[in-house]
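Enquirer: Each chain is listed here by its residues.
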Amino acid sequence: MLQWRLKAFAHWLKLEEPKWPNVTYPPINYQDIIYYAAPKKKEQLNSLDEVDPELLLTFDKLGISLNEQKRLTGVAVDVVMDSVSIATSFKEQLSEIGVIFCSISEAIQKHPELVKKYLGSVVPMTDNYFSALNSAVFTDGSFCYIPKGVRCPMELSTYFRINAENSGQFERTLIIAEEESYVSYLEGCTAPMRDENQLHAAVVELVAMRKAEIKYSTVQNWYPGDKEGKGGIYNFVTKRGICAGDHAKISWTQVETGSAVTWKYPSVILKGDYSIGEFYSVAFTNNYQQADTGTKMIHLGKNTRSRIVAKGISAGKSQNSYRGLVRAGKGALNARNFSQCDSLLLGDQCGAHTFPYIEVKNKTAIIEHEATTSKIGEDQLFYCKQRGIDAETAVAMIVNGFAKEVMNQLPMEFAIEAQKLLAISMEGSVG
Amino acid sequence: MLSIKNIHANIDGKQILKGINLEIKAGEVHAIMGPNGSGKSTLSSVLAGREEYEVTEGEVKFLGKDLLSLPAEDRAREGLFLAFQYPVEIPGVSTTNFIKAAVNEKRKYLGQDPLDAVSFLKMMKEKMAMVEINQSLLSRSINEGFSGGEKKRNEVFQMAMLEPKLAILDETDSGLDIDALRIVANGINKLRSSDRAILLITHYQRLLDYIQPDFVHVLYKGKIVKSGTKELALELEERGYDFITEAADMANL
Amino acid sequence: MNATYFKDQFQQLQTENDTVHLAALRAGSFGTFDQKGFPTTKLEEWKYTNISSLFDKEYQISPFTDNPASLAAAIEEIQLPEHTNANVLYFVNGRYEPSLSIIRSTIEELQVMPLLQAASAGFQEIIDQHLGESSVYLKDGIHALNTSFITDAVFIHVAAGKELSHPVYIYHLADAQHQAILTQPRSLVYVSKRAKIQIAETFRTVGTMDSFSNAVMEVVVAQDAFLEYYKLQNDAAHTSQVSSTHIHQTGKSHVHTVTISLNGGLLRNNLNMILDAEGNETHLYGLSLLKGKTHVDNHTLIDNKHPNCFSNQLYKNIADDAATGVFSGRIIVQPDAQKTNAYQSNKNIILSDQATINAKPQLEIFADDVKCSHGCTVGQLDEEALFYLRARGISRELAEVLLLQAFATDIVEQVKIEPLRQHIDTLIQQHLSIQ
Chain A
1 MLQWRLKAFA HWLKLEEPKW PNVTYPPINY QDIIYYAAPK KKEQLNSLDE
51 VDPELLLTFD KLGISLNEQK RLTGVAVDVV MDSVSIATSF KEQLSEIGVI
101 FCSISEAIQK HPELVKKYLG SVVPMTDNYF SALNSAVFTD GSFCYIPKGV
151 RCPMELSTYF RINAENSGQF ERTLIIAEEE SYVSYLEGCT APMRDENQLH
201 AAVVELVAMR KAEIKYSTVQ NWYPGDKEGK GGIYNFVTKR GICAGDHAKI
251 SWTQVETGSA VTWKYPSVIL KGDYSIGEFY SVAFTNNYQQ ADTGTKMIHL
301 GKNTRSRIVA KGISAGKSQN SYRGLVRAGK GALNARNFSQ CDSLLLGDQC
351 GAHTFPYIEV KNKTAIIEHE ATTSKIGEDQ LFYCKQRGID AETAVAMIVN
401 GFAKEVMNQL PMEFAIEAQK LLAISMEGSV G
Chain B
1 MLSIKNIHAN IDGKQILKGI NLEIKAGEVH AIMGPNGSGK STLSSVLAGR
51 EEYEVTEGEV KFLGKDLLSL PAEDRAREGL FLAFQYPVEI PGVSTTNFIK
101 AAVNEKRKYL GQDPLDAVSF LKMMKEKMAM VEINQSLLSR SINEGFSGGE
151 KKRNEVFQMA MLEPKLAILD ETDSGLDIDA LRIVANGINK LRSSDRAILL
201 ITHYQRLLDY IQPDFVHVLY KGKIVKSGTK ELALELEERG YDFITEAADM
251 ANL
Chain C
1 MNATYFKDQF QQLQTENDTV HLAALRAGSF GTFDQKGFPT TKLEEWKYTN
51 ISSLFDKEYQ ISPFTDNPAS LAAAIEEIQL PEHTNANVLY FVNGRYEPSL
101 SIIRSTIEEL QVMPLLQAAS AGFQEIIDQH LGESSVYLKD GIHALNTSFI
151 TDAVFIHVAA GKELSHPVYI YHLADAQHQA ILTQPRSLVY VSKRAKIQIA
201 ETFRTVGTMD SFSNAVMEVV VAQDAFLEYY KLQNDAAHTS QVSSTHIHQT
251 GKSHVHTVTI SLNGGLLRNN LNMILDAEGN ETHLYGLSLL KGKTHVDNHT
301 LIDNKHPNCF SNQLYKNIAD DAATGVFSGR IIVQPDAQKT NAYQSNKNII
351 LSDQATINAK PQLEIFADDV KCSHGCTVGQ LDEEALFYLR ARGISRELAE
401 VLLLQAFATD IVEQVKIEPL RQHIDTLIQQ HLSIQ
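Residue numbers (my numbering), protein chains in the order written: chain A, 1 to 431; chain B, 1 to 253; chain C, 1 to 435.
Incorrect hints may have been included.
Okay, derived cross-link-like pairs now, DSSO-like style, lysine-lysine, Cα gap no bigger than 30 Å in a straight line [unchecked claim]:
#, chain 1, residue 1, chain 2, residue 2
1, C, K347, C, K42
2, A, K296, C, K42
3, C, K305, A, K375
4, A, K227, C, K47
5, B, K100, A, K302
6, B, K25, B, K61
7, A, K296, C, K416
8, C, K47, A, K14
9, A, K317, C, K139
10, C, K416, B, K100
11, A, K375, C, K293
12, A, K302, C, K47
13, A, K227, C, K42
14, A, K404, C, K339
15, A, K302, C, K305
16, C, K371, A, K317
17, C, K36, A, K14
18, A, K271, C, K305
19, A, K271, C, K293
20, A, K271, C, K252
21, C, K252, A, K330
22, A, K271, B, K14
23, A, K330, C, K371
24, C, K252, A, K375
25, C, K347, A, K375
26, A, K330, A, K227
27, C, K47, A, K271
28, C, K339, A, K317
29, C, K371, A, K14
30, C, K347, B, K100
31, A, K116, A, K227
32, A, K330, C, K42
33, C, K347, A, K330
34, C, K293, A, K302
35, A, K296, C, K252
36, A, K404, C, K371
37, C, K339, A, K227
38, A, K227, A, K14
39, C, K305, A, K317
40, A, K7, C, K42
To be clear, the hints were calculated from the coordinates, so they are not data collected in a lab.
In isolation and in its complexed conformation, chain A is listed as follows (with noise of 0.2 Å):
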């Protein structure tokens, strides 16, 4: 595992930061930051009681109590703070039936022949500027197996903090999903207020076999820094899968709205024939936010599928891009992918902008991309006033409108934690 790690750091010094997303921040220096930091009670945590108070107030706050849902709603969760896996929940049920969902750290330990076969398979540790980065210090993140033919009866969810202060989060999931199986993975962020820039580099690897499915939805809430653009993390995240398999499905669903800066494309590689891949965004920048999102999908094998829905809302006097790639190589017969691309402006300083890649390389393979552009009309809010409605109650409604189709993915609990993550986000955007 060191040797690996060195190789990673060792190729990381080799490589310049990328400068094509359409986003600008001040440079980091990688130096300064504190890349592992445990948190200080760790050794006494042996149940969920003993979380930091604060940290479970947090949850609370945003609908997602840890004891509440592991009394109501039977959701497994795993707890990454500051990079370090403190709790996993429901670990003996699942074990039961086969399912291995611990830290990764722990996995490393306990199934070092399975890390070693797909960490990195994925995404290599070469494969970008983060991705290196992550690899040669990934603390933490979370490790789930679902072997084959199961069903994991329940969501499976990580939920990341950032806590102590100039701290980086470098944590690493791995999602093995065997054929036949099935897993929905729910993955939370939030980090306190710093005046400080933060940054997350995380990376994320998907792998599903012959028709397996794995869900994956993310609610990103990482600061977003103030009103005048001061602090947040910046968030720069390595997301892909792989249908290794024919008939594997890997969807991801994401709901963004925090960060002050987001460089983040989950990825699909449709490797196995007949495999699907989906990409469901809702991405909302707000003040001084930075966002540039997408996806890329990578058809190799033969009848695969592909689709994207992204939404992107703009305020204040954020940036918001979409940036995606949808590519079918030669023996991609038959593919066929349908992108739909929507920006929403609210005001008129920020800026919303889309950058599709599309490469098609055989003569049977069907692309389709839209995109529009458009801001709420006079008219829509005049009708909801006429009706009783204040304007920023219409808004609310118009944008949850607009990113339906993509909140429609989420599982219930998460959705609503979403719709509500939007409300908050968009709060004082209506001029």
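Mind docking chains B and C on chain A? Use the hints.
Expert: Chains B and C alone, transformed into the frame defined by chain A:
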């Protein structure tokens, strides 16, 4: 003229036709009726030569030739015409040019010289009057922006122009109001003749009020389960398909 | 090609007639070229088109032809229909040739002259203001190379209120009989207030050696003026081009362009529309029917700087054999450009497994009260339509040709010079039926 023997056909591995037998002679009008999903449109597609359908068993002779071995265009040139249930819109190709190409490709196939512009226009005029279609429709792109009635009228006009031996009219009545239906039916009736056969495929009896068939067949689950004369259609109108399908289901138990 | 060759050539340029502005422009541009060299695929704007490899070989830069008589046949062949009713301008090896050119409009309507003469003929202000302004948008080495070597460029001026009844045909001849050549035509067109001009441009190479044309045209369209611009690319497979057209609408005006690409080696078209006044309207159409190894890259940029502008783009590609079609369309809506309407559509058909389509439709929007959309499709001929035609007795081959022609029709119809439209229609029919 057309002899269908024990036809079985699949699409995407799913068997739709399970042994159809049908004999049609020149001058006859046959109607194939049946509930939705019984295989009516599959039959017309197989006869016209849609490649997605795979014929697994049986044979079809058309004017003595093995129909199934011919590509779609040669079937058309041999005199088989399919009026589409959903005529395709083709932007950018004018209807007139299209029909001219079709007429002349057929003539070429039959070893005839292409029609010169004057004779072609003369023929157009005649047939336009016959099926009551407007010149303005023909100068537009094929079916583009046509109403449902206009599309079906255009199908009948093409039938008139191509003078087929066998015309298969696939749900030609669907989506038409009563006036449009009458005009379309009138056009078809004018095209009835002793050397031409017509195969009507329809869900409802109402088309048969206007075009009287000599024979009526009921298609159900990929087989013809009952044949009769036009009285059978009236009986269906009165009693619904159930009395036949139930009997067929019983027989299959 | 090595940098020393260009340096030597640059130093040998006859520059005694240069204005102060031109001297500075040249020097700055050569600095840019020297620093950046030829663009590589590492540059975002050149991601899908590799021209740097074309410069592995040696070209002579804009040489004078050694045998003008040998071009006579080509001069006949290149003629566009009804040229006897047109103003005809010739470039030979990238140099404007007044002696061959025929101006049929009156001098009150249209003035065409070598650029260096124009400065002293009262147009210095226009030239100083607009010559080289495309460099603000086209910042790569290949563009700078053209500007560094502005020699024998042409200046075209349409007087205020004059609507030209004769179109302007611009012919580019390249003499590649004895050596591989790099030609760098340059033109500056000024369409004054309320004037109207139709321009059609085409290219032909004589000889079997490679030719590379690095052409730049800058056009200024003033208040209430109207420009139609047509480009027809149908040259041999061993000829390549970077053809940049930079159109600056300085007042409320109307522009209509059509780019037709049939044959050639590697063709890159940059088309910049700078909508620099309220109420501008612009229409961009492009059609590429590609066979063999032809590579066509249409790059459009629409910079909406002011409110109430309208733009519409429709680009279509058909790629057969081992051909590549690229479309990159960029729409920028600046913060002031409220009420912009910008539409873009790119439709592609791939006919062969060796063919490639790359598309990059981009929207960059900084204003909220806008209507912008783009759509892009890559696919094949509609099987349902093919079947419909075949069910009427039309052979598959003919059905395909008919559908391809229909696909092309939307674009060809946009050519408003009737004889030119018919000519292009015929070329397309021939081009499709050889298959």
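Enquirer: Keeping to a limit of 30 Å between CA atoms, is the pair of K271(A) and K293(C) held or broken?
Expert: holds, 29 Å
Enquirer: For the pair supplied as a hint, K47(C) and K14(A), is the alpha-carbon distance within the 30 Å limit?
Expert: Holds - the C-alpha atoms of K14(A) and K47(C) are around 23 Å apart, at most 30 Å.
Enquirer: Does the alpha-carbon distance linking K347(C) and K42(C) stay inside the 30 Å limit?
Expert: holds, 26 Å
Enquirer: So if I understand the rule, the pair passes when the alpha-carbon distance is 30 Å or less; does K296(A) with K252(C) pass?
Expert: Measuring from Cα to Cα gives roughly 41 Å; hence the hint is violated.
Enquirer: K330(A) and K42(C) were given as a pair; does the straight-line alpha-carbon distance stay at or below 30 Å?
Expert: With Cα atoms ~23 Å apart, K330(A) and K42(C) stay inside 30 Å; holds.
Enquirer: Would you mind confirming whether the straight-line C-alpha gap from K347(C) to K330(A) stays at or under 30 Å?
Expert: holds, 20 Å
Enquirer: Mind checking the alpha carbons of K302(A) and K47(C) for me, to see if they're no more than 30 Å apart?
Expert: It holds: about 27 Å lies between the C-alpha atoms, which stays within 30 Å.
Enquirer: Hint check: K404(A) vs K339(C), CA-CA at most 30 Å. Holds or violated?
Expert: Holds. K404(A) to K339(C) sits at ~27 Å (cutoff 30 Å).
Enquirer: Tell me if the straight-line CA distance from K302(A) to K305(C) falls inside 30 Å.
Expert: Violated - the C-alpha atoms of K305(C) and K302(A) are around 45 Å apart, more than 30 Å.
Enquirer: Check the hint pairing K227(A) with K42(C) against an upper bound of 30 Å on the C-alpha distance.
Expert: violated, 37 Å
Enquirer: Does the structure keep K347(C) and K100(B) at a Cα separation of 30 Å or less?
Expert: holds, 28 Å
Enquirer: Can you confirm whether the C-alpha distance between K271(A) and K14(B) stays at or below 30 Å?
Expert: holds, 27 Å
Hints 4, 5, 7, 11, 13, 15, 18, 20, 21, 23, 26, 29, 31, 35 and 38, counting from the list given before, are not met by this structure.
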